[in-house]
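Engineer: So the protein sequences, as listed, match chains L and G.
Numbering-wise, the working numbering comes out as the position in the first sequence, counting from 1, plus 92.
Numbering-wise, the working numbering comes out as the position in the second sequence, counting from 1, plus 92.
Derived by calculation from the structure, the hints in this document are not laboratory data.
One or more hints might be untrue.
Any copy will do: because identical chains look the same in the list, a pair fits if it lies in one copy or spans two.
With a cut-off of at most 30 Å between alpha-carbon atoms, the simulated DSS-like pairs for lysine-lysine come out as follows [unchecked claim]: (1) LYS142 - LYS564; (2) LYS142 - LYS194; (3) LYS593 - LYS235; (4) LYS241 - LYS196; (5) LYS194 - LYS241.
As the structure is a prediction and not an experimental result, all values here were calculated from the model.
Here's the letter readout for the chains.
Protein chains: 2
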Amino acid sequence: MAESTTRQLYTTLAATLQEIASLSQGLHVLGWDQQVLLPSSDGATAARGKALAALSGLVHEKSTAESFGALIEELEAQPDLDEELTVVERANLKLAAIDFRKNKNLPTSFVREYREHTSLSHAAWVKARKADDFPAFAPVLAKTLDFCKQYAQYVDADRPVYDVLVAEYERNLPSTRLAEIFSELREALVPMIHTINAAEHPDTAWMDAIHWDVKKQEELCKHIAQEIGFDFTRGRLDASVHPFTSGFNTYDVRITTRYSATHFAEGILGTVHEVGHAMYEQGLPHDLDGQPVGRALSLGVHESNSLFWENFVCRSRAFWRHFFPKIRELFPDIPDNTTADDLYAAINVARPGLIRVDSDEVHYPMHIVLRWELETLLLNGEVEVDDLPRIWNERMSNYVGIAPPSDKDGVLQDVHWPEGLVGYFPTYTLGQVAAAQWAHAMREQLGDLDELIEQGEFKQILHWLNENVHKKASVPESADALLEETVGEKLSPKYLIAHLKQKYSALYGVEL
Amino acid sequence: MAESTTRQLYTTLAATLQEIASLSQGLHVLGWDQQVLLPSSDGATAARGKALAALSGLVHEKSTAESFGALIEELEAQPDLDEELTVVERANLKLAAIDFRKNKNLPTSFVREYREHTSLSHAAWVKARKADDFPAFAPVLAKTLDFCKQYAQYVDADRPVYDVLVAEYERNLPSTRLAEIFSELREALVPMIHTINAAEHPDTAWMDAIHWDVKKQEELCKHIAQEIGFDFTRGRLDASVHPFTSGFNTYDVRITTRYSATHFAEGILGTVHEVGHAMYEQGLPHDLDGQPVGRALSLGVHESNSLFWENFVCRSRAFWRHFFPKIRELFPDIPDNTTADDLYAAINVARPGLIRVDSDEVHYPMHIVLRWELETLLLNGEVEVDDLPRIWNERMSNYVGIAPPSDKDGVLQDVHWPEGLVGYFPTYTLGQVAAAQWAHAMREQLGDLDELIEQGEFKQILHWLNENVHKKASVPESADALLEETVGEKLSPKYLIAHLKQKYSALYGVEL
């Protein structure tokens with residue numbers, strides 16, 4: 093039987109997408125190498141910059157070629173699409189078309205100007221933060237917001253600006269849904285946080301007396317990564333200043349992590365977090381490698397994987413009970429009377445803090461809610477950039493229970509806005525919300541999650557995620573759609589709220 | 093003053109060459125990463141293969157574009173070339189034109205068929221070598237030689253086949269020159285080798301009793317690399333199964349090395365050898381990065397750098413005297429009565445051996461002379477592939493003083509022919525010959541070389557090479573031209589012969 097025109101066109105499309113993906117893989121490897129291995133001389137950075145520019149120019153050329161656009165349109169126009177293509181293939185075509193049109197709609201000159209601006213913006217932020225001088229950064233940020241509005245205009249003039257910006261990171265999640273989720277969270281968390289802040293915190297001074305040898309931490313982290321299911325034949329674990337995960341394809345997923353000799357938990361929590369991201373990438377369907385539909389669904393879903401492993405596995409009492417014998421063996425100066433439960437308590441201390449990235453499970457979401465409120469207010473024109481420090485400090489006081497003594501540790505923290513990433517912050521908390529939903533569903537389907545963890549039955553947990561999240565890749569249209577399919581309910585913060593209430597009531601002996 | 097047409101054309105040419113070089117840099121990084129870091133799964137290799145294929149396809153496209161060829165021709169036709177362009181720029185144009193025409197003359201189908209053949213050939217060789225079955229490999233090798241002849245026909249039908257093949261690695265060194273150099277060497281070395289073989293070898297059993305801790309070796313090698321002049325801000329030193337050096341550009345030059353717990357010297361000699369290659373790459377002119385004229389002149393000149401540092405620095409008595417305190421500190425079970433001179437003697441033992449890569453300074457060149465003789469005889473049709481084992485064994489006996497018990501350790505050793513590299517072997521010995529000429533010139537210009545080494549004055553040595561070899565890059569037309577310019581004489585084996593005679597007479601207490 094001869095192949096249909098539709099099938100032939102689809103085969104050509106898939107091959108073109110694969111070629112673009114292969115070239116992009118090259119770009120990603122060059123970027124990874126730059127972050128992890130590049131020699132320190134300025135000349136090395138400059139030469140690598142030229143290589144990245146040359147290659148990304150070619151990728152852009154291929155991604156926006158007239159012939160590529162014509163191919164997409166011809167395929168879209170086929171009357172027998174629904175019969176000839178599978179659901180996955182139709183989703184792939186749809187995503188390819190969205191990517192293509194977005195790239196096409198953005199004028200090259202605009203992309204260049206915006207890139208130049210964010211590079212200047214980053215430099216201005218570094219300087220302003222160092223000098224604790226928000227007013228110096230304010231006009232730069234105002235210009236970033238103008239660029240964001242223009243961007244949204246080019247990409248989709250019919251949708252609200254913030255929806256278009258968020259969609260860059262989180263597919264099809266409108267502002268109205270964000271407002272529902274974040275309001276419910278805020279309402280529940282703020283009183284909890286004030287109760288916890290007023291309670292007595294466990295004593296963790298004993299941890300400072302121990303020599304947390306960095307080499308031993310590395311050994312422990314590799315051991316943990318291996319045991320919870322990271323496949324080292326399809327990935328690497330290296331050290332770098334800023335931990336991150338790169339999935340070049342499902343067979344080559346690389347984590348970097350860092351170890352601190354004074355903060356024992358940082359390396360472990362960070363590694364497990366990145367392993368969570370990495371196991372998502374390793375769990376995506378091999379046969380869709382190189383196709384848009386084979387990618388991770390969204391940043392929120394990505395973060396739901398890393399935060400599930402970090403918060404629901406690594407921050408559990410069961411986890412520390414399981415690994416305690418190994419930890420004692422590696423760090424022999426842990427006092428004899430110390431137990432796994434002491435470690436568990438120490439690692440879950442929830443003190444109000446100024447810095448988002450150092451936050452615990454309870455306070456963290458409020459840092460994000462605040463960023464989301466500010467992004468919304470700024471784009472709606474309800475707040476001016478100059479007002480940010482004042483509003484930041486007021487709301488931090490209300491939401492987290494602490495106000496920064498200076499903007500440096502207030503609104504000037506975090507590289508996202510300076511890098512032009514507006515609409516990105518919400519994905520962290522969407523991930524935390526979804527992670528609680530995965531945990532809830534696992535408890536219903538696999539039984540006592542903590543027992544599985546304490547017994548080291550990580551395979552069952554990973555298998556659940558593989559089947560229910562990873563294998564679906566980008567076929568569902570949104571995080572909401574994925575969750576409805578898997579756990580029967582859209583994104584809903586009630587499971588996260590219940591989890592935090594239960595966990596911290598017990599830890600702090602207070603009623604939440 | 094307006095820019096001349098010639099100047100404008102040259103600027104465009106340089107930018108085009110830079111873009112091709114930047115993309116090629118991407119290819120090299122992907123290749124390096126594959127050899128050093130890639131996860132072990134087959135899927136990772138396959139995905140990387142796709143990325144390499146996509147990118148090398150693009151590089152080939154750019155390198156053979158009609159518009160690029162037209163630009164070269166237009167520039168070549170300018171009447172004011174000699175006034176408008178510098179010597180370096182004219183050399184750059186010439187090299188770019190040679191590269192372009194070679195790429196253009198080779199039909200794509202031929203390149204693909206040849207690549208497919210060498211890949212099969214490599215696999216057939218692995219199998220044949222394992223089974224010690226030369227006849228199984230013979231027809232594959234015969235086909236390789238046919239491909240080589242065709243290749244030479246495409247590239248330059250007017251020159252002898254072997255000249256064209258050698259030119260791929262060693263610019264402008266005709267067969268007649270190779271014959272002069274190698275005959276003189278053979279005549280001098282063969283009697284020396286037989287005298288040394290018959291002499292008493294120093295006792296090295298004491299070395300086997302020492303625990304040569306691999307971590308300590310790594311520390312030592314990094315220390316040595318740093319001290320002799322490798323710039324770690326413009327390079328890296330990693331471990332890999334097969335040591336090699338990659339110069340992505342003059343700011344990013346990476347060495348890999350390996351350490352053996354039983355063969356102490358292997359890691360050090362190997363590291364110093366690769367550092368020699370790397371310091372050449374780091375010493376090439378920064379401002380010619382990305383231009384053909386900025387590349388290393390030839391593989392022979394490359395090897396003259398690595399072998400200068402390996403044979404004339406690292407294998408010298410002065411070197412071991414200089415580093416002995418450090419070595420004793422790192423390896424405390426070296427017996428108290430052991431001296432630097434004992435290490436020197438142990439490392440310079442010259443026993444006849446079957447394997448080229450394990451050979452010492454005296455026997456090594458004869459492995460190469462034999463390969464050169466066989467390549468010449470095969471391409472002239474004076475010898476058939478089937479006769480190789482017989483001739484190999486006879487000549488090994490005559491030249492090196494030992495015949496292999498099986499082809500596995502005879503003509504089947506070495507990956508070069510199986511990978512289609514014919515005309516490559518001579519570069520090793522050309523490098524050794526030139527290295528002796530550098531050493532001779534340094535003695536004349538800098539004074540006692542051994543005293544500099546013993547005092548750790550490596551900077552002066554590196555500076556000499558920077559000024560006299562590295563900075564000239566590919567401006568001279570050939571190794572002969574470079575040597576004439578620098579030491580006033582073409583490649584001549586007499587300095588190597590004199591060096592070996594003097595060194596080994598003293599070491600073995602024989603008259604050579």
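Engineer: Now look at each hint and say whether the structure bears it out.
Structural biologist: Here is how each hint holds up against the structure:
no. : hint            : in the structure
1   : LYS142 - LYS564 : between (37 Å within a copy, 24 Å between copies)
2   : LYS142 - LYS194 : both (25 Å within a copy, 26 Å between copies)
3   : LYS593 - LYS235 : neither (41 Å within a copy, 75 Å between copies)
4   : LYS241 - LYS196 : within (18 Å within a copy, 49 Å between copies)
5   : LYS194 - LYS241 : within (15 Å within a copy, 51 Å between copies)
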